[in-house]
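Chains as they are written, first to last, in the numbering used here: chain A, 1 to 151; chain B, 1 to 264; chain C, 1 to 267.
Since the hints were derived computationally from the structure, they do not count as laboratory data.
Below 25 Å or equal to it, Euclidean Cα-Cα: the simulated DSS-like pairs (lysine-lysine) are:
#, chain 1, residue 1, chain 2, residue 2
1, A, Lys56, A, Lys109
2, B, Lys39, C, Lys76
3, C, Lys83, B, Lys39
4, C, Lys83, C, Lys186
5, A, Lys3, B, Lys39
6, C, Lys136, A, Lys3
Distance ranges between label pairs, derived from CB positions:
#, chain 1, residue 1, chain 2, residue 2, range
7, B, Leu27, C, Ala179, 48 to 56 Å
8, B, Gln231, C, Gln55, 21 to 29 Å
9, B, Gln37, C, Met139, 27 to 35 Å
10, B, Leu20, C, Lys60, 24 to 32 Å
11, B, Thr34, C, Phe138, 29 to 37 Å
Anything over 10 Å on all C-beta distances counts as not near chain B; from chain C, calculated:
#, residue
12, Gln10
13, Pro40
14, Glu102
15, Asn113
16, Thr125
17, Ala208
18, Gly219
The C-beta atom is built at its ideal place from N, Cα and C for all residues, glycine as well.
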Amino acid sequence: MNKRWLELSVGAMMVAGIAALVALALQVSGGSMRNVGHYPVSALFENAAGLGPKAKVTMAGVTIGEVVAVGIDPDTLMAEVRMQIYGQINYLSIDSSASILTAGLLGEKYVGITAGAEDDLLGAGDVIEDTQSALILEELIGQFLINLGDK
Amino acid sequence: MLRFVVDCIANLGAVLLHKLVQMGQALLMLLQATTVQPKASSLTRLIQQLYVVGVQSLIIILVSALFIGMVLGLQGFTLLSAYGSEQAVGQMVALTLVRELAPVVAALLFAGRAGSALTAEIGLMKATEQLASLEMFGIDPLHRIVAPRFWAGIISLPLLVAIFSLVGIYGGHLVAVEWLGVYSGSYWGNMQQAVDFNEDVLNGMLKALVFAFLISWIALYQGYSCLPTSQGISAATTRTVVYSSLAILGFDFILTALMFGGAV
Amino acid sequence: MHTDGIINLQNVSFYRGGRAIFEDLNCAIAAGKITAIMGPSGTGKTTLLRLISGQLQPHKGQVFLFDQDMAKIKQKQLNQLRKRMGVLFQSGALFTDLSVFENVAFPLREHMNLSADDLYNRVLTQLEAVGLRGVKDFMPSQLSGGMARRVALARAVAMGPEVILYDEPFAGQDPIAMAVLQRLIKSLNDQLQLTSVLVSHDVAEAFAIADHVILLGEGRVLAQDHPDALKTSTDPAVKQFIHGEADGVIPFHYPAPALQDELRGPS
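Taking the hints into account, I'd like the entire structure generated from these sequences.
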């Protein structure tokens, strides 16, 4: 075995492996690295039906964070949704509103944030006050039937 | 009857103790082999082993990756086109490969190709008294023989897994885009939206690292502790492949549950 | 305390699988001589070599090499001792991934800081001494068994050891290779003032070159003397081994219940 060839082929394998990793980063994942710093925010909802950890948090259709945990707030007995917003999204105003939305008719639940108008910004640990709960299909159908009966 | 039950329990205990002793020995071997100050000549030996363990496994990795990617592209297309969403084939191929198939299949192939060869080589060195003869020259065979092979395994497999993923994704591209006519933009676009570098790619690499550790450890211990006869070596080689495969699949489940398990 | 030899074994006991290989074994190996350790197969001759070289530790008793207790020294000192000792393994134990030249150069590269020219010359001299300078670029797989053993011998003496241990050097060799090895062992011992320890069961070859023979059997020393004295010994066990009689003090039959008890009669 020629020593030069040995070193060359091992070097080539190392380069190929690292290049493959770089390609996986750029071409396959599109360079998206979500976990580069984030800050916690929470919101209280009347009903969090179907929302779970790892659900997306979006604004204007762009993902800006993810849900960490969903639980009951013992004081208000409402659903407390804790989220992490990416560090670079540092311009959400304090009066932003959050709503639980559904992708398509039966798709996954996610949190949509709509920016407010105040100058004060939302910081780590703040609570979003203005919330709108999940649309629950059963309740909708129930209301529709009641309305129908009234006529 | 009672005697039989007692015997069974005693046997079970004996087997368990024996396995525990073996685990302890294997751990000691690894500790002794890896806690050593590298010398200038260590690099040459590492390169030599990287060639044997890594470069010589490249062909089988490349060919399998290409075919697995092509099969995924074909299956994904057939399945998804029933729902009219064949554009999602890119993300399906990429996620399947990056998270699961690349680390697991590459590791299984690696265990069969490189792991068994390591066991056989070290077993033969033991049988032909080469290890004893190193010891007589005042050289610890754990440092000289075991350590470079261990590190070569640890370095090679993650690289091979990265190559496997990429080649597989291009294999899927070949079938889905070139042959079946999925729009290339949606193949890559959907993929880039779905795949996260930290969560998917790096977790896949972490799996590869864990598997590399398991395979190298099992293969080297089996070789080092085998009976120095032809039956002993062949039994040890078989054990390497069986134990490595089981360890890979078992640990894959545990790691997947920890990484992607989500709501716990 | 035995201090009369370069290697001393005191009250050594060694067990394997519950069976005593050695029981209270005492012997001393004198410096500068060829000592042959002999005995029927299975008497633990190779085990004895491993005890001497520190690859195994006795369960009881002590092994002294160069007046140092092998059980008490640290790994570093053991490695230092091993540099003063060469071993010729039964199979030769050449490193299969290195050429003949590199095999002989191996201990020199590891332990001595020689210039490339010095190293080359020294390896070639060693190979010349065993008559195999011509195969320096061969790989071990290309050598015959006898040649492999000669290369291994060149490698074992390359560092200039004080003691050299031979494990069954004559086993499985054709008569010519045997004669060559015999001559090499003898001449190396005389030229380099080595202490040679030879483990063998080939009576004629070992007796021809040994200065002292230790005959092992049943875990202890059966007899030890100059080979000529042993040849005329009247001890029945010694006579049986030297003259190769099938049955005698060392029985032909491995211990077993009486045959008539084990055979299955018509029932």
